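Novice: One letter stands for each residue in the lines below.
There are 2 protein chains.
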Amino acid sequence: MSLDTSLGVIELTEAICNIESVSGNEKALADAIEAALRSAAHLEVIRDGDAVVAKTNLGRDRRVVIAGHIDTVPVADNLPVSRRVIDGAEVLWGRGTVDMKAGVAVQLKLAVETAEPNVDVTWVFYDHEEVEASLDGLGRIARNRPDLLGASFAVLCEPSSAQVEGGCNGTMRVEVRTRGVKAHSARPWMGENAVHKAGQILTLLSQNQPDEVEVDGLVYRESLNAVLISGGIATNVIPDETVITVNYRFAPSKSEAEAFEYLKNFFAGFEVELKDAAAGARPGLDLPEAAAFVAATGSTAKPKYGWTDVARFSALGIPAVNFGPGDPNKAHADDENVPLEQITSAYESLRKWLNA
Amino acid sequence: MSLDTSLGVIELTEAICNIESVSGNEKALADAIEAALRSAAHLEVIRDGDAVVAKTNLGRDRRVVIAGHIDTVPVADNLPVSRRVIDGAEVLWGRGTVDMKAGVAVQLKLAVETAEPNVDVTWVFYDHEEVEASLDGLGRIARNRPDLLGASFAVLCEPSSAQVEGGCNGTMRVEVRTRGVKAHSARPWMGENAVHKAGQILTLLSQNQPDEVEVDGLVYRESLNAVLISGGIATNVIPDETVITVNYRFAPSKSEAEAFEYLKNFFAGFEVELKDAAAGARPGLDLPEAAAFVAATGSTAKPKYGWTDVARFSALGIPAVNFGPGDPNKAHADDENVPLEQITSAYESLRKWLNA
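Line by line, the protein sequences give chains U and G. Each residue of the first sequence is one higher than the one before, starting from 1274 at the first, in this note's numbering. Each residue of the second sequence is one higher than the one before, starting from 1274 at the first, in this note's numbering.
Hints in this document: simulated from the structure, not taken from any laboratory. Just to be clear, a hint being listed does not mean it is correct.
Same chains, same names: a pair is fine if it fits in one copy or spans any two.
Once the Cα atoms are required to be at most 30 Å apart in a straight line, the calculated DSBU-like pairs of lysine-lysine come out as [as the list claims (entries may be wrong)]:
(1) K1603 / K1455
(2) K1455 / K1537
(3) K1625 / K1603
(4) K1470 / K1603
(5) K1455 / K1575
(6) K1470 / K1537
(7) K1548 / K1455
No experiment lies behind these values; they were computed from the predicted model shown.
Build the full structure now, drawing on both the sequences and the hints.
Specialist: If you want it as structure tokens, here you go:
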């Protein structure tokens, strides 16, 4: 399979979507992207597993990273993609159109076309973003070849309706536990019902009013939700344990330690066990590179709520923003679709910025 | 394997316990019981699957059924049985000692020894009591050979500390559901958390004070407990459903329909789905046969909380009581054990009653 980057960016998006690349199955798409990049004489191309990195080496005084993942969540009977009209707007409909192959198409077309950008650019196309964090291709490059990510600014082409979404909330998962004493359910007074006790936890959660926290001029909405609950072992036994998995999305001004402290206080009196966490990323829009990007793309900057790989750049000390076509609320949806206009708009904005 | 009914009732209990008969594996024990019963000339023996029925046919004006199940719950490293001293009392320790092979030993020894009881007796030894109700051997006999269960009174040798426990509570399981709307947990305000809503249900349950209901002179303690809870599909998705399985143990004066009506009112505003139910059994201690049995055995009658097969007799219009060695709280326990004194006492009481 090969990709023709002389196609329009919408047609290129269609072609990229139709090379199925559910996490773990990125090879064919990575091969096609690598071949397209190698066709451009101005790029130095490095392959790492199923990630492909392409660099200009023009000796510019600044370098930016423009990155996107090439994998998708599983297909839901929505490939190949099709063109449809939804609410009067022409869209490209199908898996990956939003998250995030329209962004990948914008990257790939610009990488090949832009021989003389006004900054040196490192284009990154990476694998395994949609699965457990330890497999993430960008994380692997950051560990193995941190030199490849050296830059003064980064753009992640994650869906953000072709507007700048700055930073991201952090995310933390904890298990909150109640314990009781098993007994036969015909004689429950011999035991102690751990599921009944969980009512207090759920009441706390349902009455909670999450904070809104201003960070670098953007307001981050936090949230705290039970995402899983389980308790009980049989229909005739009083349960001796309930486990509630809680997901806390916290503002990027908080550290992981502060977030965990908050949860321990919030669930005071119950066992709280930390399962995993990832700090957020400050939007950094007060930094000159980021402010210039917002201005060049004519964006109204908004906060990003979902955790994205901008946090990896943030951890490397590189300011980063999300900027890509597609409504993030449609990511992973069975009816995932992107307005054609957003693909063109994102492409034009980035092109102007690189050629200004 | 064979069983020697000339042994003392304690030794016979040991022998019966050591023929493992976890539900579905009753054949060896049923064979041994059948052989022992066939050795007694005064008994007519009928085999039905792994159930064995033995009848005297003396032309007495009354007939009683004395019944017990021969299966156990799974072994928990507690076979073969052993003799121990617990809290100063000699006990037989191991799987089945309480539920209910000491009772089976009492039945078997008396069946073979009592050639001329003062009533005709139908001895029933049946399979599959510890598993789903549809497999229950007593239920199978009631369906296939109801004539075998014809009687004016029944004794079920379920553990009741060698005292009469009358009737039993009914039991009903319902699923109570909350529903919400899925969303990515980074943007929970796009959805509606069904687990948080379940807090109201658990609060209702934990604040509930169950009724105590007097039926035929005995006070039945009801109970209402969540036995299972589950909700959520992934750690980054707002749950759109929670299912709470609730077990209601209701007094034998209530019908299944009344019990379900009670639950629908109790959980008003939530979906309540009936999963299964079994009516209880009134103690019937005001009936002459039952009163005579209480008197003959010198018992203090108490209510039975757990559902037992006395309800099957009750449904056939036959008054029935539980009377057997062992503390019902030790049934199914890993440290299941029966005081030797209760085995002897139950044996002596029944022997006196049959020979009065």
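Novice: Does each hint hold? Answer for all of them.
Specialist: Results for each hint:
no.: 1; hint: K1603 / K1455; verdict: between (44 Å within a copy, 13 Å between copies)
no.: 2; hint: K1455 / K1537; verdict: both (26 Å within a copy, 27 Å between copies)
no.: 3; hint: K1625 / K1603; verdict: within (27 Å within a copy, 79 Å between copies)
no.: 4; hint: K1470 / K1603; verdict: between (37 Å within a copy, 26 Å between copies)
no.: 5; hint: K1455 / K1575; verdict: between (50 Å within a copy, 24 Å between copies)
no.: 6; hint: K1470 / K1537; verdict: both (17 Å within a copy, 22 Å between copies)
no.: 7; hint: K1548 / K1455; verdict: both (26 Å within a copy, 22 Å between copies)
In this structure, every one of the numbered hints holds.
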